[in-house]
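> The chain contents come next:
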Amino acid sequence: MILAWLIILLMGCGLLAWLAGRWSDTLPRIISLAGIAVQLLAVTWLWFNHQQGNGSGKWIASYTHSWIPSFGIQIKLGVDGLSLLMLALTSFLGILSVLASWKEIKERVGFFHFNLLFVLAGITGVFLSLDLFLFYFSWEVMLIPMYFLISIWGNENRVYASYKFFLFTQASGLLMFLSILGLYLVHGQHTGVYTFDYEQLLGTVMAPQTAFLLMLGFVIAFIVKLSTVPFHSWLPDAHTQAPTAGSVILAGLLLKTGAYGLIRFVLPLFPQASHQFAPVAMVLGVLSILYGAKLTFAQTDLKRLIAYISVSHMGFILLGIYAFNVMAMQGVVMQMVVHGVSTGALFIIAGALHERIHTRDIGQMGGLWSKMPKMGAMGLIFVMGSLGLPGLGNFVAEILILIGSFAANETLTVIATIGLVAATIYSLRIMQKVFYGKEQKQWTVADFGLREMGIMISLSVAIIWLGLFPAPVLNLAKSAVVSLTGSNNKMVQDKPDRDNSKYPITNHSIIGVSVIRENSLINQINPKAPIKDDRTGY
Amino acid sequence: MTVQDIESLLPMVILAGGILFTMMLIAVKRNHRLAFISALLFIAAAIAAALTQIGEKPHAIGEVVVVDRFGIYYQVLLLSATFVISIFSYISLERFFPNKRKEEYYLLIMLATLGAGMMAVSSHFISFFVSLELLTISLYTLIAYYREREKAIEAGLKYLVLAAMSSAFLLFGMALVYAISGTMSFAGLSAITPSLSSSGILMLVAGIGLMIVGIGFKLAVVPFHMWAPDVYEGASSPVSAFIASVSKGSVVAVVLRLFMMADLYRYEKVMLAFIIIAILSMLIGNLLALMQNNVKRILAYSSIAHLGYLLVAFIAGKGMGTAAATFYITIYMITVIGAFGVITVIPSPGYEAGGIETFKALFWRKPVLATLFTIFLLSLAGIPLTAGFMGKYFLLTAGLGKSEWPLAFVLVVSSVIGLFYYLRVIVTMMKPDENSVSISPSISGSSLGGILMLTLLGILVVCLGICPGWLIEVVKSLNP
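Just so you know, the sequences run in chain order F and W. Heads up, the first sequence is in the numbering used here, so the first residue is 21 and it goes up one at a time. Heads up, the second sequence is in the numbering used here, so the first residue is 1134 and it goes up one at a time.
Treat the hints as calculated values from the structure; they're not laboratory data. Take the hints with a grain of salt, since some may be wrong.
[As the list claims (entries may be wrong)] Computed list of lysine-lysine pairs in DSBU-like fashion (alpha-carbon distance at most 35 Å, straight line):
no., chain 1, residue 1, chain 2, residue 2
1, F, Lys461, F, Lys394
2, F, Lys126, W, Lys1564
3, W, Lys1162, W, Lys1233
4, F, Lys184, W, Lys1535
5, F, Lys126, W, Lys1493
6, F, Lys184, W, Lys1233
7, F, Lys123, F, Lys458
[Stated by the list, open to error] Chain W side only, calculated, beta carbon under 8 Å to chain F, not exhaustive:
no., residue
8, Pro1517
9, Leu1518
10, Gly1534
11, Leu1552
All figures in this text were calculated on a predicted structure; none of them were measured in a lab. Note that CB positions come from ideal geometry on N, CA and C, so glycine has one too.
Based on the sequences and whatever the hints tell you, model everything.
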């Protein structure tokens, strides 16, 4: 029941904030902050409860209530480690985006927070749904308020950007809806039970071609959300034009719903078809990494530049998901969290800069460090994060993905690694152009204030903590990841190179492990895996 | 006629009595409000009478009329729609109509509803045709009612010519079917047709084909849609709402009944014609709507597309298909009445709002109205949390259940196209207000009632979007 309340709470606070906006500008902010804070508390409570071992079985908590029984539609919510992590990220970034827009949004504050909270409610719904109909429902609920956020409070070209965002996601979403209905009917015709229940639909027997087509519907929706090349073109526009809070939520959370969908729905529901599709998906992933990085070089608009960084980083996620092993998947989960944190931070910095100097053109910036040392320092941390500096969370994530996918496909992984080099160059370019170098104009600007420093410090604490002590996060997600990947590999018995162990890390990855000499880290990820015994003779 | 016959037709009898009474009332004293209240009371009484019939067993009067749950459901639906539309009509007449002869409007709208309600229970070509004509002839006058506006006259004339022609087609089709089968009742048709020779079947299909022309015209599906945008634009908003909801809803009811009772789903050629009509309507309706700059015209084209969607369920056939079609038309009626209601109530100088520019910055001038309009538009677009999404879901399930993949695919593609123009209106409403000088007159007392009604419709749309279970159960229990 607590899960249902999480969603109702956000929606209720949203309505309240809208009403409160008629009388005061501060009240909606406080209401939203309080609402999301309560969500964060609830999520933390669930987390600790779980770690004390109260949660048994697959789900830490679940809730079922009938909705439209004549179609087998339920309100079925469930949370496991993976969704709990995503929820924590949601409420964390939610609080930060309210704080970040505290000064930026001056008009129609009530309606702004209404939309913000409804997006968050939709995202929460996506991460919690265990009923495919409910999942699609939440998936769509995210869109409209996001569309409003971009088209009302966005920058100069907001109408075009919001159209593009909406049509891309809506069109792909409808394809997924067709697939969901197809799956529903196939399952119903086979078993006589017409249901949208995720757990019952698992293991639906169907012809390979049917499975592949149905899977494509899901995959298209998710990789559009994940902004994989060639479906990425909505993302730079939407990110650039959205207000800061919108960009943070888009980059930090909406993109993750795509990855989450792939992990939660596509792999378990269509194991065979996913294996067939894996080479294509991995190529698309690598393509996104490299093409995203290449386009990042070319950008002069700071927000657009950060947006392309997201494209590149999401490529790693796609690569890792289709590697079908626990290590890569752990990296993917890690990447989802740290990308949310680091890109969120970069967007907040870009937003703060835009608020101060009213341009996003990095050609007009330069030498800002002397004016704003605090902002510069913070910028440095997150730029280093995005290039994957060891000690920050991004490094852990990317290295895990690369090791994991090396086991699955060596060539592609080697090519993907080039992306890391590219990341170094484009990240340093940001620092050089914005904070170092010659001053292009005589800006008179204020440095970060107390509120903004608070936001940035919490973000940097998060990313350093994730970089140094990733174990709690990885442990939390482990059982979910193992069961999601494991079930996938178990079902595909005809693939001899993948079924020989429960933790299919082959010798290649062990080379990788010893190279980076972080055995303890890997042990935390995977204590049962035979890493440290006789085979690690290197 | 036995007492039971009259009892089962009581809603329609009350409505007919109401028409006579209101006519007398107008003869005695001309008063707009009086006529309006009298009409509302009689419609409400008719709804109440229909509601008491729900538990009754199906009752057939000869072969001409059959009053069953299906028919009663549609009667309640059509009467309720007229009830709401009457309220908007009152506002529209008060605001835009010269101060003379407003009262007859209610007679006409009740007459048209009488035709529509009878059509929902017809089970015979004669009753079908007579009630259709009653509806159509009242509509000619209603469309041209604002007779001092050129566009209204033009629209009325256009509707008159085309509707008369389509009636001729319908009549000729009926004659052909009668010539070959010797029966005019829907049920009789299904009993006789299996014994026909192949050339007889051909005649029958040709007759049905001609009837499709007539029906297609009333539903305004492609390629019989040409009149819709002009008529919607020319008529006043409540009348446009009436055409989009009551007129189309009653035709859907009778067509569903005809196809179920006569079992015309057997004829592949007939179904093929409907498949083509559905695909064309969905695509062309949505594509043409993209180019419009008048919200009433946009709604007209969207209505073409929506009837195309509905045909997907209709083609899916018995059981699920019928339920889905009924569910969809119910939701469409609620939504489209709401949308036209907003257009009626929106304050605008001169004549009622229509051009998309009159909606600019509405979000900041009239937030409540704009929010309601957004809800209705999103429901038309089929976005979750609104009823339209559930409707579309039901359609797709029905279509896919019969493996109509191409139709479902076209439905999805065309509803994405449709999003463009719904969003365009919403975006216009959200544009910042440039001229802060308020040109709009303040909202009068009568408009307040309209806003209240619209709020109720808006709540209904959202409620049905969140928990449609009860309506689905009701719709599934109907069986013509």
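> Next, verify each hint and record whether it holds.
To see whether the hints hold, each was checked on the structure:
1. F:Lys461 <-> F:Lys394: holds (20 Å)
2. F:Lys126 <-> W:Lys1564: Satisfied, since the Cα-Cα distance of roughly 16 Å is no more than 35 Å.
3. W:Lys1162 <-> W:Lys1233: holds (13 Å)
4. F:Lys184 <-> W:Lys1535: With a Cα-Cα distance of about 34 Å, the restraint between F:Lys184 and W:Lys1535 holds, given a limit of 35 Å.
5. F:Lys126 <-> W:Lys1493: Status holds; Cα separation ~21 Å.
6. F:Lys184 <-> W:Lys1233: Between F:Lys184 and W:Lys1233 the Cα gap is close to 50 Å, so the pair fails against 35 Å, i.e. violated.
7. F:Lys123 <-> F:Lys458: OK: F:Lys123 and F:Lys458 at ~29 Å, within 35 Å.
8. Pro1517: W:Pro1517 check passes; min Cβ-Cβ to chain F is 4 Å, inside 8 Å.
9. Leu1518: Given a least distance of 6 Å, the restraint on W:Leu1518 holds.
10. Gly1534: Holds: closest Cβ of chain F sits about 6 Å from W:Gly1534, inside 8 Å.
11. Leu1552: holds (6 Å)
When the structure is compared with the earlier hints, a violation turns up for hint 6 alone.
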